[in-house]
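Q: Reminder that position 408 of the sequence shown reads as 408 in full-length UniProt numbering, one-by-one numbering, no gaps.
Hints in this document: simulated from the structure, not taken from any laboratory. These numbers were taken from a predicted model, which means no experiment stands behind them. Cβ atoms here follow ideal geometry from the backbone N, Cα and C, with glycine treated the same way. Worth double-checking, as some hints may not be accurate.
To be verified - Listed below are the simulated DSSO-like cross-link pairs for lysine-lysine, each with C-alpha atoms no more than 27 Å apart in a straight line:
#, residue 1, residue 2
1, K201, K184
2, K184, K6
3, K440, K450
4, K201, K181
5, K284, K344
6, K394, K373
7, K181, K198
8, K450, K439
9, K147, K92
10, K198, K2
11, K147, K245
12, K373, K422
13, K344, K360
14, K2, K245
15, K440, K422
16, K2, K68
17, K344, K422
18, K232, K394
19, K6, K43
20, K422, K360
21, K373, K284
22, K440, K364
23, K422, K450
24, K43, K2
To be verified - The following label-pair restraints were derived from C-beta to C-beta distances:
#, residue 1, residue 2, range
25, E374, D270, 54 to 62 Å
26, S114, R152, 15 to 23 Å
27, E82, E31, 33 to 41 Å
28, H113, T187, 29 to 37 Å
29, Q102, R152, 29 to 37 Å
30, T187, S341, 44 to 52 Å
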Amino acid sequence: MKLGTKVQLFLSIGMVIVVVFVNSVVYFLYESRVSENEIARVKEDALSIMEAIAQQDEINVDSSRLLKAFLPANGMIRIIDETNHPIHNYAKDASYHNWPVQYTDKEMTTLNHSSDDIPYVQVAIPVIWNDGSIVTLQVSEALYSMKDALNRLQVVLLITSLFMIIPAILAGIMIAHYVTKPIKRLTREINSNPKNGKWEKISITANGKDEIAEMQLAYNQMIDRIDENMAKQARFVSDASHELKTPLSVITSYTELLQRRGKERTEIFDEAVDAILSEAGRMKHITEQMLMLAKNETIENVRFAPVNITDLIREVVRSLSIAYNRDIHLYEESPLSRMVSADKQKLYQAIYILVDNACKYSDKEINIYLVDKEEHVLISVHDFGDGLSENDQKLVFDRFYRVDKARSRKAGGSGLGLAICKAIIDAHGGYITIDSQLKKGSTFSIHIPK
Numbered sequence: 001m002k003l004g005t006k007v008q009l010f011l012s013i014g015m016v017i018v019v020v021f022v023n024s025v026v027y028f029l030y031e032s033r034v035s036e037n038e039i040a041r042v043k044e045d046a047l048s049i050m051e052a053i054a055q056q057d058e059i060n061v062d063s064s065r066l067l068k069a070f071l072p073a074n075g076m077i078r079i080i081d082e083t084n085h086p087i088h089n090y091a092k093d094a095s096y097h098n099w100p101v102q103y104t105d106k107e108m109t110t111l112n113h114s115s116d117d118i119p120y121v122q123v124a125i126p127v128i129w130n131d132g133s134i135v136t137l138q139v140s141e142a143l144y145s146m147k148d149a150l151n152r153l154q155v156v157l158l159i160t161s162l163f164m165i166i167p168a169i170l171a172g173i174m175i176a177h178y179v180t181k182p183i184k185r186l187t188r189e190i191n192s193n194p195k196n197g198k199w200e201k202i203s204i205t206a207n208g209k210d211e212i213a214e215m216q217l218a219y220n221q222m223i224d225r226i227d228e229n230m231a232k233q234a235r236f237v238s239d240a241s242h243e244l245k246t247p248l249s250v251i252t253s254y255t256e257l258l259q260r261r262g263k264e265r266t267e268i269f270d271e272a273v274d275a276i277l278s279e280a281g282r283m284k285h286i287t288e289q290m291l292m293l294a295k296n297e298t299i300e301n302v303r304f305a306p307v308n309i310t311d312l313i314r315e316v317v318r319s320l321s322i323a324y325n326r327d328i329h330l331y332e333e334s335p336l337s338r339m340v341s342a343d344k345q346k347l348y349q350a351i352y353i354l355v356d357n358a359c360k361y362s363d364k365e366i367n368i369y370l371v372d373k374e375e376h377v378l379i380s381v382h383d384f385g386d387g388l389s390e391n392d393q394k395l396v397f398d399r400f401y402r403v404d405k406a407r408s409r410k411a412g413g414s415g416l417g418l419a420i421c422k423a424i425i426d427a428h429g430g431y432i433t434i435d436s437q438l439k440k441g442s443t444f445s446i447h448i449p450k
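Please work from the sequences and hints to get the whole structure.
A: Given below as structure tokens:
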């Protein structure tokens, strides 16, 4: 069922329920009020007849004429003895004799309906008869005027209901159209995306501050995120292709050289094989890094266990000191070992990346500071290289981003190391900060929760 139809049905059915409820309340309140008035009037007539009977000196002679004189136009009067037998029974219509006969020694008032659904009132009052016995004066009256008034009220309420329900249905149609029109337009614009392979934003309702405008704004924000992700994806593919293009070119060139002269000159063969192996290793390293980032492996496969962070850093220092023949110093606040809950292999890789970058992009010694904080351990890697600008600091963790591409290529960098390092630290619930100044060096700090 369409939304417009649901709105129309909801409003129409809701209005019908409200109208029926209100009219029912009006009808029953009016019926109750009229009934009370009619009962009070008939009861007052019965009391008048009782007083007139009490004032008669010769009741046996004048009672018939007296009762006939007080006989209601649409009713009857009865005098009922203790045996529930009518002594006197006077009625304007013979059908009234079918109304119930009931002796009572106390005042009673009832409202009944005849077989033809005519309401009538019966008032029974005990009186003293001429022989000293207690009889019942029963005054009954058909309420034709009440019946007619209620019938007219029903017609009026029915007409009023129609005049209320029909505009409500029309209003429901208009409201449904008003509500669904922008939704239909939004649906058409969404279904038309992407246009020519490009995701386009939809127009926002002018001065709109309702839920529809919020939905349109949310959709446009989603388009922005899609465009951003697609741009990142395109840049990732482009950068990856560019990174792999150089080693492939080198391998191709040396392979062609081997075909031409490799069999004749041994030195060329050795040089070509070394170059091919080197570039193949570089391609393998770049491919593994890209796959790691693409699969979010560092996030999915983190295995936490107690790790001695001091010993871990010393392993990194020992390895890179030999590889770069560089002085790498570790400074600690105290000689005590520090334990953290982490994935040893991946945390080793993150620290290795920072120290390795420091060695690649600076020619002086490297200082590593290990500080024990209250809730985390701080590992700072400080170099004395060229430093980073504020713009470079914002982008340095992006994939394939390199500050100096020529120098990075010479140093063997792919622009993926810091992106992987950040992913690893994020997976551990930590974060990385940068403190750098141009020509003064940089400090990369890892904050690892204990």
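Q: Does each hint fit the structure? Answer for all of them.
A: Structure-based check of each hint:
no.	hint	in the structure
1	K201 / K184	16 Å, holds
2	K184 / K6	15 Å, holds
3	K440 / K450	31 Å, violated
4	K201 / K181	18 Å, holds
5	K284 / K344	23 Å, holds
6	K394 / K373	26 Å, holds
7	K181 / K198	25 Å, holds
8	K450 / K439	34 Å, violated
9	K147 / K92	18 Å, holds
10	K198 / K2	30 Å, violated
11	K147 / K245	100 Å, violated
12	K373 / K422	20 Å, holds
13	K344 / K360	24 Å, holds
14	K2 / K245	55 Å, violated
15	K440 / K422	23 Å, holds
16	K2 / K68	71 Å, violated
17	K344 / K422	16 Å, holds
18	K232 / K394	16 Å, holds
19	K6 / K43	54 Å, violated
20	K422 / K360	19 Å, holds
21	K373 / K284	39 Å, violated
22	K440 / K364	12 Å, holds
23	K422 / K450	18 Å, holds
24	K43 / K2	60 Å, violated
25	E374 / D270: 54 to 62 Å	58 Å, holds
26	S114 / R152: 15 to 23 Å	20 Å, holds
27	E82 / E31: 33 to 41 Å	36 Å, holds
28	H113 / T187: 29 to 37 Å	59 Å, violated
29	Q102 / R152: 29 to 37 Å	32 Å, holds
30	T187 / S341: 44 to 52 Å	50 Å, holds
Violated hints, in rising order: 3, 8, 10, 11, 14, 16, 19, 21, 24 and 28; the structure is consistent with all others.
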